[in-house]
Amino acid sequence: MRTLWTNGKIFTMEAEDKFVEAILVEDGLVLHTGLEKDLLPLADNVESLDGCVMYPGFVDSHIHLIGHGEKLSYLDLSTFSSIKQIKETIASHITNEEWYMTEGWDDNKLEEGRPLTCTDIDFITETAVVLKRVCRHVLVANTAAMKLAGISKETPNPIGGVIGRDEKGELNGLFYDEAQSLITEHIPLPTTSYLKNIISSSLKDLKSKGITGVHSEDMAYYGHYEVPLQAYREVVQNDFRVHLLRHHDVFEQMQGEESSSFIEFGAMKIFVDGSLGGRTALLGEDYADEPGNKGVEVHSSEKLENLVKLARSYNENIAVHVIGDLAVERILDLIEEYPVTDGKKDRLIHVNVLRPDLVKRMKKLPVVLDLQPIFVASDFPWVKERLGPSRLQWAYAWKSLLKQGFDCSGGSDSPIELADPLLGIDAAVNNSYLPEQELTIFETVSLYTSGSAKAIGRECKRGLILPGFDADFTILDNILEKDNILSTSVVKTVVAGKIVYQKEK
1 MRTLWTNGKI FTMEAEDKFV EAILVEDGLV LHTGLEKDLL PLADNVESLD
51 GCVMYPGFVD SHIHLIGHGE KLSYLDLSTF SSIKQIKETI ASHITNEEWY
101 MTEGWDDNKL EEGRPLTCTD IDFITETAVV LKRVCRHVLV ANTAAMKLAG
151 ISKETPNPIG GVIGRDEKGE LNGLFYDEAQ SLITEHIPLP TTSYLKNIIS
201 SSLKDLKSKG ITGVHSEDMA YYGHYEVPLQ AYREVVQNDF RVHLLRHHDV
251 FEQMQGEESS SFIEFGAMKI FVDGSLGGRT ALLGEDYADE PGNKGVEVHS
301 SEKLENLVKL ARSYNENIAV HVIGDLAVER ILDLIEEYPV TDGKKDRLIH
351 VNVLRPDLVK RMKKLPVVLD LQPIFVASDF PWVKERLGPS RLQWAYAWKS
401 LLKQGFDCSG GSDSPIELAD PLLGIDAAVN NSYLPEQELT IFETVSLYTS
451 GSAKAIGREC KRGLILPGFD ADFTILDNIL EKDNILSTSV VKTVVAGKIV
501 YQKEK
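Note that UniProt numbering gives residue 397 to position 397 of the sequence shown, counting from 1, and the numbers run on in steps of one.
No wet-lab data here; the hints were simulated from the structure.
Among the hints, erroneous ones may be present.
[What the hints assert, rightly or not] DSBU-like cross-link-like pairs, simulated, lysine-lysine; straight-line CA separation at most 35 Å:
no.	residue 1	residue 2
1	Lys364	Lys344
2	Lys196	Lys345
3	Lys309	Lys84
4	Lys363	Lys309
5	Lys196	Lys403
6	Lys196	Lys209
7	Lys84	Lys18
8	Lys84	Lys9
9	Lys294	Lys403
10	Lys461	Lys399
11	Lys9	Lys209
12	Lys364	Lys384
13	Lys147	Lys204
14	Lys303	Lys363
15	Lys303	Lys209
16	Lys18	Lys345
17	Lys384	Lys9
18	Lys364	Lys153
19	Lys204	Lys303
20	Lys9	Lys153
[Said to hold, decoys possible] Cβ-Cβ distance ranges computed for the label pairs, FRET-style:
no.	residue 1	residue 2	range
21	Asp289	Ser260	28 to 38 Å
22	Asp249	Leu40	21 to 31 Å
23	Cys460	Thr440	41 to 51 Å
24	Arg2	Thr440	54 to 64 Å
25	Gly388	Arg2	34 to 44 Å
26	Lys344	Ser92	49 to 59 Å
27	Asn7	Asp27	39 to 49 Å
28	Asp342	Lys505	19 to 29 Å
29	Ser260	Asn7	38 to 48 Å
30	Thr341	Gly284	24 to 34 Å
31	Glu337	Lys505	20 to 30 Å
32	Arg2	Asp342	19 to 29 Å
In this text, all values refer to a predicted model and were calculated from it rather than measured experimentally.
Positions of the beta carbon are idealized from the N, C-alpha and C atoms, including for glycine.
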């Protein structure tokens, strides 16, 4: 059946202010674009936009889809402003279960001006309590949890992680990056049934935000990768597109898995460093607010090299978490030594802190930069103290990177941030902290449309409204402009020509 979409403004996103009057859709693809009078005779039915605005479907290029769903059901600590408030609230949520876990605390927002420690939560003695920091690169565990995990003050730091200690050398309950697994590996694993419910609620919420697809990385955190993958396959049908990156721990095991139009498998995911909020992002110079600390290298040089070599042995690209400039330098060394297969591009995720010499090297390589515009709104102003003034020129430098000609995609990193593309678009367009890095509406929407398609090599199939492209659309009640982004609403979300979300009238 051929459906004509018309009676609104349809932005194709192939160029700024490029729009058409009508499009004809059949079998999940755009068949024709043009004038209503020319396409109406070819249509079997008509979908009126009722004066609304159609864009290519928004795709979140960096999200943890299961984590986003869990955040919807968890107690979200990101809204809390004091340790006292956190203590009082989690106490009321503790049940008789052996473990209790939630996440979102942010010491930059707490009136005490410090991280949580085990001392704060050791009033809970019968339940093992684990509270992840908003960045997910730090957690705090109470003494009950550390005892169940067999952690003592003699436990050595693992490679790529740090066990927190106070000035007397006693455990303070903080676990950084790879050290987190010393605790989390003891938490009972979820079932496929649980994950199905979480994925379902996550998809429902994402569709309501105009999101037609995501790039996610969930395959190494819920037991054997087949457990979350089975949940995905049972929930994701033909109404959402999920591109799954493969964590390096399961990358080789997943080589036989077959992609479909709605569940695809992508690059090897590698973490090189941590987060700026937790002071574990790897910097070339010390943190300005913590002399002597340059961050954490998640892998040894030898292991990192072996991971890149493993990906290349399967002719695959890599998707690499790099926030600090030294982390970027480490991975560029290896990309230059072990080039990606022709026709593919490596993905550098976050790239919050760069240097001119790194940008110059990156320009010579086939890379896509996976950006999170919403980071600016959440990391400033405290990140100025972390980095100091000398590093700010190439920090969160989205406009500068686009001017250099890099292909860039846009994501949220939910559950670390809110998974709402309109919030990300507003953060990029109305950047009061770094006004010289403000993007235009077209540049920003491109991050979530054609940019996300380029990140997975689908730019000839997705991200634009053109004949032969997937019929994935985000329909808004207004044309996006600098001053109306946050007052704009999603009216409909369309995947493969099918309406999967419609705002109640």
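Hints, verified against the model:
With a CA separation close to 14 Å, the supplied pair Lys364 and Lys344 stays within the 35 Å bound. Under the criterion of a C-alpha separation no larger than 35 Å, the hint pairing Lys196 with Lys345 is consistent with the structure, at around 32 Å. Restraint check: the Cα-Cα separation between Lys309 and Lys84 comes to about 48 Å, which exceeds 35 Å; the hinted pair is violated. Pair hint Lys363 plus Lys309 holds up; C-alpha atoms about 22 Å apart against a cutoff of 35 Å.
The straight-line distance between the Cα atoms of Lys196 and Lys403 is roughly 42 Å, outside the 35 Å bound, and the hint therefore fails. Among the hinted pairs, Lys196 with Lys209 is consistent with the structure: their alpha-carbon atoms are about 20 Å apart, no more than 35 Å. A hinted pair counts as satisfied when its Cα atoms are at most 35 Å apart, and Lys84 with Lys18 does not qualify at roughly 53 Å. With a CA separation close to 50 Å, the supplied pair Lys84 and Lys9 exceeds the 35 Å bound.
As the CA atoms of Lys294 and Lys403 are separated by approximately 29 Å, the hinted pair is consistent with the 35 Å bound. The suggested pairing of Lys461 with Lys399 holds, with an alpha-carbon distance near 26 Å, which does not exceed 35 Å. Only pairs whose Cα atoms come within 35 Å are accepted, and Lys9 paired with Lys209 is accepted, the gap being roughly 19 Å. Proposed proximity of Lys364 and Lys384 is supported: the alpha carbons are some 30 Å apart, at most 35 Å.
Between Lys147 and Lys204 the CA atoms are separated by roughly 39 Å; this puts the pair beyond 35 Å, and the hint is violated. In summary, the hint linking Lys303 to Lys363 is supported, as the alpha carbons are separated by about 26 Å, within the 35 Å threshold. For the suggested pair Lys303 and Lys209, the alpha carbons sit about 39 Å apart, so the restraint of at most 35 Å is broken. A threshold of 35 Å between alpha carbons decides the hint, and for Lys18 with Lys345 the separation of about 28 Å falls inside it, so the pair holds.
Annotation: proposed proximity of Lys384 to Lys9 is violated, straight-line Cα distance about 41 Å (limit 35 Å). Among the hinted pairs, Lys364 with Lys153 is inconsistent with the structure: their alpha-carbon atoms are about 47 Å apart, more than 35 Å. Under the criterion of a C-alpha separation no larger than 35 Å, the hint pairing Lys204 with Lys303 is inconsistent with the structure, at around 39 Å. Under the criterion of a C-alpha separation no larger than 35 Å, the hint pairing Lys9 with Lys153 is inconsistent with the structure, at around 63 Å.
In this structure, Asp289 and Ser260 break the distance hint of 28 to 38 Å, their C-beta atoms being roughly 48 Å apart. Evaluation of the 21 to 31 Å hint for Asp249 and Leu40 yields a failure: the beta carbon distance comes to about 54 Å. Taking 41 to 51 Å as the suggested C-beta distance range, the pair Cys460 and Thr440 does not conform, at roughly 24 Å. Judged by the Cβ atoms, the range 54 to 64 Å given for Arg2 and Thr440 is violated: they are separated by roughly 35 Å.
Taking 34 to 44 Å as the suggested C-beta distance range, the pair Gly388 and Arg2 does not conform, at roughly 59 Å. A hinted range of 49 to 59 Å for the beta carbons of Lys344 and Ser92 is consistent with their spacing of about 50 Å. The hinted range of 39 to 49 Å is not satisfied by Asn7 and Asp27, whose Cβ atoms lie roughly 23 Å apart. For Asp342 and Lys505, the hinted distance range of 19 to 29 Å is not satisfied, since their beta carbons lie about 51 Å from each other.
Distance hint check for Ser260 and Asn7: the Cβ-Cβ separation is about 33 Å, which falls outside the suggested range of 38 to 48 Å. A hinted range of 24 to 34 Å for the beta carbons of Thr341 and Gly284 is consistent with their spacing of about 30 Å. The hinted window of 20 to 30 Å between Glu337 and Lys505 is violated, with their beta carbons roughly 58 Å apart. For Arg2 paired with Asp342, a C-beta distance near 38 Å fails the hint of 19 to 29 Å.
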